[in-house]
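> Please model the entire structure based on the sequences and the hints provided.
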Amino acid sequence: MKEIVVASGKGGVGKTTVAASLAVLLNRWGLGVFTVDADVDAPDLSLALGGGKTVFSMEVAASRKAEVDSKKCIGCGKCLQVCPFGAMIKTNDGKATVVALMCEGCGVCKLVCPAGAIKVKNAPTGTITVEETKYGFMCATGKLRLGEHNSGHLVATIRNLARRKAQDTGSKVIVIDAAPGIGCPVIASIAGANYVIAVTEPTPAAKRNLERLSRVVKHFGVPAGVVINMSGSSGDFETVLKKWVEHELGFQVLGEIPVDYEVVKALAHMTPVVDFNPDAEASKSLVSIAERVREML
Amino acid sequence: MRAKSRPPVIAVTGGKGGTGKSTVAVNLAAGLSASGLKVMLVDADVDGPSCASLLGLKLEAGKEVKTFLPIIDEKKCVGCRKCVEVCPEHALVGLQGEVPRLFEELCSGCRACQIVCGHFAVREGGKTIGTIYIKSTDGITLVAGELVPTEPRSPVVARATVLHAMSELQNGGYDLAIIDTAPGVHNTVAQPLWVSDYALAVTEPTPLGAHDLGFILDLTEELELPVGIVLNKADIPGGLKNELLKTAHERGVNVVAEIPLDREVLHSYMAGIPVVKKAPDSPAGRSLRYLVSLVGKMLEEGKI
Chain G
1 MKEIVVASGK GGVGKTTVAA SLAVLLNRWG LGVFTVDADV DAPDLSLALG GGKTVFSMEV
61 AASRKAEVDS KKCIGCGKCL QVCPFGAMIK TNDGKATVVA LMCEGCGVCK LVCPAGAIKV
121 KNAPTGTITV EETKYGFMCA TGKLRLGEHN SGHLVATIRN LARRKAQDTG SKVIVIDAAP
181 GIGCPVIASI AGANYVIAVT EPTPAAKRNL ERLSRVVKHF GVPAGVVINM SGSSGDFETV
241 LKKWVEHELG FQVLGEIPVD YEVVKALAHM TPVVDFNPDA EASKSLVSIA ERVREML
Chain F
1001 MRAKSRPPVI AVTGGKGGTG KSTVAVNLAA GLSASGLKVM LVDADVDGPS CASLLGLKLE
1061 AGKEVKTFLP IIDEKKCVGC RKCVEVCPEH ALVGLQGEVP RLFEELCSGC RACQIVCGHF
1121 AVREGGKTIG TIYIKSTDGI TLVAGELVPT EPRSPVVARA TVLHAMSELQ NGGYDLAIID
1181 TAPGVHNTVA QPLWVSDYAL AVTEPTPLGA HDLGFILDLT EELELPVGIV LNKADIPGGL
1241 KNELLKTAHE RGVNVVAEIP LDREVLHSYM AGIPVVKKAP DSPAGRSLRY LVSLVGKMLE
1301 EGKI
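Going down the list, the sequences are from chains G and F.
This note's numbering numbers the first residue of the first sequence as 1 and each following residue consecutively.
This note's numbering numbers the first residue of the second sequence as 1001 and each following residue consecutively.
Do not take every clue at face value.
Said to hold, decoys possible - Pairs of lysine-lysine residues, derived as PhoX-like cross-links and limited to a Cα-Cα distance of at most 20 Å, are as follows:
1. K119(G) <-> K1082(F)
2. K265(G) <-> K1241(F)
3. K1082(F) <-> K110(G)
4. K65(G) <-> K90(G)
5. K134(G) <-> K172(G)
6. K265(G) <-> K1246(F)
7. K218(G) <-> K2(G)
8. K207(G) <-> K1246(F)
9. K119(G) <-> K71(G)
Stated by the list, open to error - Simulated restraints, written as ranges between beta carbons of each label pair:
10. Y261(G) <-> E1222(F): 31 to 39 Å
11. R1123(F) <-> T91(G): 29 to 37 Å
12. E1243(F) <-> M58(G): 27 to 35 Å
13. K1058(F) <-> H219(G): 22 to 30 Å
14. K53(G) <-> E1224(F): 32 to 40 Å
15. K242(G) <-> S1005(F): 21 to 29 Å
16. K1058(F) <-> G77(G): 25 to 33 Å
17. T169(G) <-> S1167(F): 38 to 46 Å
18. E1168(F) <-> G77(G): 20 to 28 Å
Claimed, not checked - Pulled from the structure, derived: some chain G residues nowhere near chain F, Cβ distances all over 12 Å:
19. R64
20. K242
21. E248
Hint data in this document are derived by calculation from the structure and do not stem from the laboratory.
Each residue gets a CB set at the ideal place from its N, CA and C atoms; glycine is no exception.
Okay, structure coming up:
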């Protein structure tokens, strides 16, 4: 079983578009696909695949949150000084209270509280839902609670679950749609995976963030290829970008997807573009990219 | 933290990635600066910073963001295991009577170990996990935070960036700060929203844009932060503008500006010059200038 991660340093460059179409194509070619949405902050893969029927869901409660007993609090302010996350604030009556959104549950406030007014309690982290898509394969989605921080844990949990379920269903490929950026949820998606598809667009900001992503990918020793989305929009810069990817980053360019409004229309219809309009220019590029991925598998 | 004594802070956020947050933030900063205001622009998307690229700036010689890492003094440690027991991340491991071993990548820098050690055996160590750059251009001061690649703790770097910016804002004679946030609704985004007085949620008329906009509106509601929606790529072929307007209406949030799809946005992106300067009379340039005047008016009237 192989885990392929679709990632990008910059947001909105087309991760979900690539992941959805890749999953549909590999599945169509009989590889047995299981999909994972590891963008636990703003999961969209299931939507892009047209939604599905929920077959499984679970709560993950791996977080901890501090709580202040205002009757016991003496208002000494020690917890405010030590909280590394700025989650302790003083209320109008001079007592401490926790901003749950900011609290990471480390418990240092409890350690320094001379009045024994603080407790650290278990708290929900997020949910995992597994849906059966209209294409027959599964899509497991993680959704982090608002402002929650334990994204790495949730991603690790969902990846474990996906591996087990994929084994049960005889799937050969797990396609993971990662979060944008290079932080905790992305590291948790990439570490130990078999291949990373880094999606980018031909702009200086995307190039810079691709370089940042490449450092994470190399750190974890995962092989990677680059997809240049929205190509044909920026002339010379694109040629420079391709050369830079191959020579400086040392990654192969898997393909380029041209600017094509069929992609937007497909999104509006919540259908991967390769299924929505197989003759679209973007679809043809995606087929050739998926073929290259299949060869590698 | 929302001290009314300091200049107003506007967050540019939106949920989904790539909707145009940085484009809006940079153009707002450039437009307000051109109208005579002293503007601080804060890039708090520490995972994937874009503001410097959009302003054509090269960042160098920043200030390091460090987190605490314990160094166990072997001479002082009595092997009581108190630090091992209290570590919330299980980053310290050791048996009774042994000097504990630190698994650096797990440590969150919370100092619980240092607080409980009764023998002063936990010494001050540090690790650089990010950098804060400050650079001025054309009346805008950019404060940009960047996470060191392979480090996972983006919220800590975002928080350090925001706190640094807020202390500069207090003392630097600025008229306002604009914070460009990361995509999503996690802690890295919550930190800048927490210090803001008003948020602009930039979205696009696709099901994904609408879906993720819902998340960011949940977060601004939770933080009781006033918010306006900026609908970017409003007329994208095949887009779902009406559905998005409906979502906004249902949530009781105003769409304060619409920006049409315009190649000038890409051109200015490539050139590292804000649209309001490079192509002020292009369709997107006009919309962005309208947004600038709207925000300028809100500032004047004390609504932000």
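> So if I understand the rule, the pair passes when the alpha-carbon distance is 20 Å or less; does K119(G) with K71(G) pass?
It holds: about 13 Å lies between the C-alpha atoms, which stays within 20 Å.
> Test the statement that K242(G) is away from the interface with chain F: the closest C-beta pair must be farther apart than 12 Å.
16 Å, holds
> Hey, K119(G) versus K1082(F), does the alpha-carbon distance stay inside 20 Å?
Holds: K119(G) and K1082(F) sit about 18 Å apart, inside 20 Å.
> Run the distance test for K134(G) versus K172(G): straight-line Cα separation, threshold 20 Å.
19 Å, holds
> Would you check the hint for K65(G) and K90(G), treating anything up to 20 Å between C-alpha atoms as holding?
17 Å, holds
> Return holds or violated for the Cβ distance of K53(G) and E1224(F) against the range 32 to 40 Å.
Once the Cβ atoms are compared, 37 Å apart, the range 32 to 40 Å for E1224(F) and K53(G) holds.
> Verify this label for me: E248(G) is non-interface relative to chain F, using a Cβ-Cβ cutoff of 12 Å.
Fine: 15 Å to the nearest Cβ keeps E248(G) off the interface.
> Does the beta carbon distance between Y261(G) and E1222(F) stay inside 31 to 39 Å, or does it fall outside?
36 Å, holds
> For the hint 38 to 46 Å, verify it against the beta carbon of T169(G) and that of S1167(F).
Violated, at about 54 Å.
> Does the alpha-carbon distance linking K207(G) and K1246(F) stay inside the 20 Å limit?
Since the Cα atoms of K207(G) and K1246(F) sit roughly 35 Å apart, the hinted pair is violated (cutoff 20 Å).
> Has the hinted range 20 to 28 Å been met by the Cβ atoms of E1168(F) and G77(G)?
25 Å, holds
> Does the Cβ distance between K242(G) and S1005(F) fall inside 21 to 29 Å?
The hinted range 21 to 29 Å is violated for K242(G) and S1005(F), with Cβ atoms some 52 Å apart.
When each numbered hint is compared with the structure, violations occur for hints 8, 15, 16, 17, 19.
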